[in-house]
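Student: Now for the letters of each chain:
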Amino acid sequence: DAGVTQSPTHLIKTRGQHVTLRCSPISGHKSVSWYQQVLGQGPQFIFQYYEKEERGRGNFPDRFSARQFPNYSSELNVNALLLGDSALYLCASSSGDGRVYEQYFGPGTRLTVT
Amino acid sequence: AQSVTQLGSHVSVSEGALVLLRCNYSSSVPPYLFWYVQYPNQGLQLLLKYTSAATLVKGINDFEAEFKKSETSFHLTKPSAHMSDAAEYFCAVSALSNDYKLSFGAGTTVTVRA
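Line order of the protein sequences matches chains U and W.
Numbered per the numbering used here, the first sequence spans residues 1 to 114.
Numbered per the numbering used here, the second sequence spans residues 1001 to 1114.
By construction, these hints were calculated from the structure, which means they are not laboratory data.
Misleading hints may appear alongside valid ones.
Pairs of lysine-lysine residues, derived as DSBU-like cross-links and limited to a Cα-Cα distance of at most 30 angstroms, are as follows [claimed, not checked]:
id: 1; chain 1: W; residue 1: Lys1069; chain 2: W; residue 2: Lys1049
id: 2; chain 1: W; residue 1: Lys1069; chain 2: U; residue 2: Lys52
id: 3; chain 1: W; residue 1: Lys1058; chain 2: U; residue 2: Lys30
id: 4; chain 1: W; residue 1: Lys1058; chain 2: W; residue 2: Lys1068
id: 5; chain 1: W; residue 1: Lys1068; chain 2: W; residue 2: Lys1049
id: 6; chain 1: U; residue 1: Lys30; chain 2: W; residue 2: Lys1049
id: 7; chain 1: U; residue 1: Lys52; chain 2: U; residue 2: Lys13
id: 8; chain 1: W; residue 1: Lys1058; chain 2: W; residue 2: Lys1069
The structure presented is a predicted model; accordingly, all values stated were derived computationally and were not measured.
Whole structure, please, built from the sequences with the hints as guidance.
Tutor: Structure, rendered in C-alpha cells:
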C-alpha cells in the first residue's frame, strides 16, 4: 500500500504570494494533520481534520487555512507569505475517528519564501 | 497541555557503542509517547510508541524505550550503533485531552563515528 503522499516536494515563492500544498492519506485513513517544521526545530501542529471537519488548530495566524475533501485528501493554504513561513510542511494521516494516537507522516513539502 | 524536552541537541557515538537519547515529558493526563526518526530531506518514521501497556517498548532496528512515570521519562536506547543510525530523532507526546495532537521535542541529532 502507498504511504502518505504530498505534493509538490519543493517550491519557491515570493513574499506576499499564496501557496497550496496537497496531501493524500494512506488508503482507509480518515484523519489528516498538518505540521510545520522550521529548520533545526521539531514539527509544530497546524491543523487536524477528520471527515472533512476541523478537529483542531494550532497557534498559527489566520493566513493558514486547510480543508479536507470527500476522498480524505487535504489541502493546506497559506496566504500573504512571509519569509518566516519557509519550512518543511508535513502531512500525517491516522485511521479510525481521528482520535487514534498513531500518525503516519509523508515526506513533506519544502517551501522556500524569498 | 503536554510537552516534551529532549536533553542534548547533538549526540556523537562510536559505531558499536550504546546509543542513549533522553526525553522527559510533561502531561497532566496519561500520555502516549513516541520516538520518530528523520533522515535528511525525508519525513518522519515511527520508531516505537508507548500506549499504556508494557513500560518497556521495543521498536524497529533494535531501538527500545522505557516509560518511567516516577521520572516522567521516556529515554531511547540502542545497544550497538550502526552508521545508518545517523539521523535526527524526535520524542513526541499526545493525549486524549488534546485529541491526540502530537507535541514534539526540539530533536536530537545523532552522528556515528567509524
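Student: All the hints need checking, so say for each whether the structure fits it.
Tutor: Structure-based check of each hint:
{"no.": "1", "hint": "W:Lys1069 with W:Lys1049", "in the structure": "holds (15 angstroms)"}
{"no.": "2", "hint": "W:Lys1069 with U:Lys52", "in the structure": "violated (37 angstroms)"}
{"no.": "3", "hint": "W:Lys1058 with U:Lys30", "in the structure": "holds (28 angstroms)"}
{"no.": "4", "hint": "W:Lys1058 with W:Lys1068", "in the structure": "holds (15 angstroms)"}
{"no.": "5", "hint": "W:Lys1068 with W:Lys1049", "in the structure": "holds (14 angstroms)"}
{"no.": "6", "hint": "U:Lys30 with W:Lys1049", "in the structure": "holds (21 angstroms)"}
{"no.": "7", "hint": "U:Lys52 with U:Lys13", "in the structure": "holds (28 angstroms)"}
{"no.": "8", "hint": "W:Lys1058 with W:Lys1069", "in the structure": "holds (17 angstroms)"}
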